[in-house]
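Position chain B against the provided structure of chain A, taking the given hints into account.
So the protein lines, in turn, are chains A and B. Reading the first sequence from the start, the letters are residues 309 to 990 in the numbering used here. Reading the second sequence from the start, the letters are residues 2 to 230 in the numbering used here.
Hints may be right or wrong, so weigh each one.
Think about it this way: if two alpha-carbon atoms lie no more than 30 Å apart in a straight line, the pair counts; the simulated DSS-like pairs of lysine-lysine are [unchecked claim]:
| # | chain 1 | residue 1 | chain 2 | residue 2 |
| --- | --- | --- | --- | --- |
| 1 | A | Lys654 | B | Lys109 |
| 2 | A | Lys567 | B | Lys132 |
| 3 | A | Lys654 | A | Lys687 |
| 4 | A | Lys654 | A | Lys383 |
| 5 | B | Lys109 | B | Lys77 |
| 6 | B | Lys3 | B | Lys132 |
| 7 | A | Lys430 | A | Lys727 |
| 8 | A | Lys527 | A | Lys727 |
| 9 | A | Lys527 | A | Lys555 |
| 10 | B | Lys109 | A | Lys383 |
| 11 | A | Lys654 | A | Lys727 |
| 12 | A | Lys687 | A | Lys727 |
| 13 | A | Lys430 | A | Lys383 |
| 14 | A | Lys567 | B | Lys35 |
| 15 | A | Lys567 | A | Lys555 |
| 16 | B | Lys35 | A | Lys562 |
| 17 | A | Lys567 | A | Lys527 |
| 18 | A | Lys527 | B | Lys35 |
In silico contact screen, one side only, chain B against chain A (beta carbon under 10 Å); selected entries [what the hints assert, rightly or not]:
| # | residue |
| --- | --- |
| 19 | Pro10 |
| 20 | Ser12 |
| 21 | Cys14 |
| 22 | Ala141 |
| 23 | Ile184 |
| 24 | His203 |
| 25 | Ala207 |
| 26 | Asp209 |
Hints in this document: simulated from the structure, not taken from any laboratory. Only a predicted model underlies this, so the values are computations on that prediction, with no experimental measurement involved. C-beta atoms are modelled at their ideal positions from N, C-alpha and C, and glycine is treated no differently.
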Amino acid sequence: MSATPRPGDPVITPALVAEHGLTTDEYDRLVAMLGRTPTFTELGVVSALWSEHCSYKNSSLDGARTRYLFAGVVKGIGDYGNCMGVPTVGGEIVFDPAYETNPLVNAMCVGLMREEELITAKAEGIGNPIIAVGARTGRDGIHGASFASEDLSHESDAKRPRVQVGDPFTEKLLLEASLELIRSGHIVAIQDMGAAGLTSSSAEMAARGDVGVTIDVTKMPLRESGMTPYEILLSESQERMLVVARKGHEAEVKQILAKWDLAAEVIGEVIAEPVYRVTEGDRVVAEFPGSRLVTDCPVYHPAAAESPEAIARRTRDVHAIAPRAEEADPVWTLTRLLGAPTIASKRWAYRQYDSTVRASTMEGPGGDAAVVRLPGTDKAIALSTDCNGRYVYLDPRVGGRIAVAEAARNVACAGARPKAITNCLNFGNPKRPEVFFQFREAVAGMGEACRALETPVTGGNVSLYNESPNGAVYPTPTIGMVGLVESLAHATPSAFQRPGDAIVLLGENTNELGGSEYLLTVHGVVAGAPPACDPARERALIDALLDAIHAGAVRSAHDCADGGLAVALAECCIADREHMLGASVDLAAWGALAPRALLFGEAQGRIIVSTADPARVLAAVAARGVPARRIGTVGAEGDPLAFTLGDGRHAASLAVLAAAYHDTIPSIMSAGALPAAAPEQA
Amino acid sequence: MKIGVITFPGSNCDEDTVVAVERVGATAVRLWHKAHDLEGSEIVILPGGFSYGDYLRAGAIARFSPIMQEVVAHAKAGRPVIGICNGFQIACEAGLLPGALLRNASLKFVSDTVRLRVENVDTMFTNRYAKGQVVRIPIAHGDGRYHADADVVARLEGEGQVVFRYVNAAGQQAPDANPNGAINDIAGIVSAEGHVLGLMPHPERALDASLGSADGLPFFESLLARVAA
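Extracted from the complex, chain A is given alone in its bound form:
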């Protein structure tokens, strides 16, 4: 058999090939694979499968638009997640002009399973039926994957209808039905019809199983009439799964789907012949040899070169930037940073997310990491998502390391040992040498940190071409880290808990100031080398902290990140507005450092611990060779956050700090726009 054009198919021309996003080289490769000219349907299939994939894109704006987008994204996440009954337990929100025209939305979903219930997406068993289940297929989202792999230009506005519409209610039913199917033993494989829909799910399942498949598009449950094979194959209608059932168990599969009021139709079968074949009734409309459709996609090795602008920014001497007059009072600077949207409390957003459904959430949003109990055990998992794209922009290798290290510190602060990561690599157009340089270096940096921390990368996804007429987003390799709390007694909060506890700083302060939120918020500057990150030292720090936690000596632990030591200390005091405790710290030992670097620099590898037994913490930490020092004492309710520097004592009212931290985003969202960073200085 060989595929033949359908009546009415457009003629394959160079223009049509270009419209499908294939280069001349890629088209030649396809012709060589088939040994003939592709049909229109085949061209669509290859365009989708050979594209990189999937992101959210947006266009032109102002402050009000950012507010609108933020509110809309939060509502969208809430509407879907809340209805699904999956608690939204944590996350990260960053505001930066670099994302203004192209906001990134990354989601991580973590499930719990029994090993013996593992089912894969590998087609097997010659003669087994292939069944489409879930929602019916419509015309929405056709070529979404290819679209997501284009640069955003003004012209691409015309292609917007490619975005799909989700229905969380149907997805909830499909989730329950899928779990029931898997437990029933009637199926051998299942895969979500995600990007590039039926095309990629069926081709990938066949490739994994090293078998052939044949699909008849006329059997697909459709929502609209008159859909062509091209449209059916490439539709990205949501809430659909592709299932390989055991032969003879079709009726049982349909019965389970019917219980949940969902459609299920046999649309094809697993075949011995090593082909990927699509028919429309008796007519073959697409046929590719073996599994080469998936495995033979072109691999590129683009040129890589760092952008001169990034080099210039990184090598700028940021210590030469004169402090503003107001900075004579470090409390002014601290208050300003706590009110910076990236640092300020995100409660306005996460209060719209159901974080407690399934009754297992020990630590919800707002802490270093979320902690979710594993029912029936004394264990819990800790979850954190992190990436500072500004660091990655300034130095992708270091920024990649930091993204992993910060996520690991966060789960360790919650009392968990880091176990594994997933990631979403959000970058610009990789055909541009400066973008491919960022991509290559960031991935290398992440790899260095993951090896030191022994956290395997279990999966992930890639979102490229995040560009707009204003340029690319910051390179943003978002890390999702999972850790294990080995005993519930180890679960540790981030805020101070008890007056009189000692405050111990693990790690070392430095004179680093580059890439900081301080420079951006106070001076409008994105410059300087991001703080150094030594993965081996991060590993030792985490081991030391966990030793101290396992010894029962740690009452709270909080990572130093955006805004540096002073912001981290303030967060320990004010994170829980109903139970704020003051603190008194003495930092005079670091009198040799620039005060703003000491307070607001973002040196890596630092954790603030509160403890009733500082000697025990210091001993545990010293055994791992990690520097640590007692820097102060937790105060009472009503006490200020007081810190002593070389020039004397400064005290900040917690009410003032808390107002900046807790009220900024609610007041912006109820009134004006997000404040811009200070204008860039010459």
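Same frame as chain A, now just chain B:
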């Protein structure tokens, strides 16, 4: 004692509710919305979630589920029914309780742990609480703003049918302690005959201090105490 927990399409607190029922030593009976049999359940719980996606109006479609005929008959016979969150909305739509749950005043979904004052402990659902006790219970809803006509509200207040009310840390009613704009800060009510209870907060999520609160435990213990009495 057998306590039935109904799963509607889109229910998502049914499992949590089953766990809570079993936690206090009762037997949980999982009931499917297409069935016509309560399987001997002495108490029926309509759990939280988004039945039928909350399409049309929260609870408006679920009330037409086949099993709701049995639930209404069960209630009409004077036997206990509890509606939690979406279940409260369904109970109102089905006419088992007066009033309605409107869109939150903020127009936003709200997820938080709130304080409730237990206003009436002479019910089969609250007898393990102390009168005026302030408890912390999670909420998670978009349509939780209880509303009823003035005469209905007056009757609820006069007859002690307001069982739970939103309050602040001091146990006082306050505008910022009311998460959804409910009239008179009402979080939960009981029917005039005292056997149908509806509440927006989720006591099944408050069984364990390590998860933030164990204040929901007495709610489920009260159900058993009634039978023991």
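Legend entry - Hints the structure fails to honour: 2, 5, 8, 13, 23
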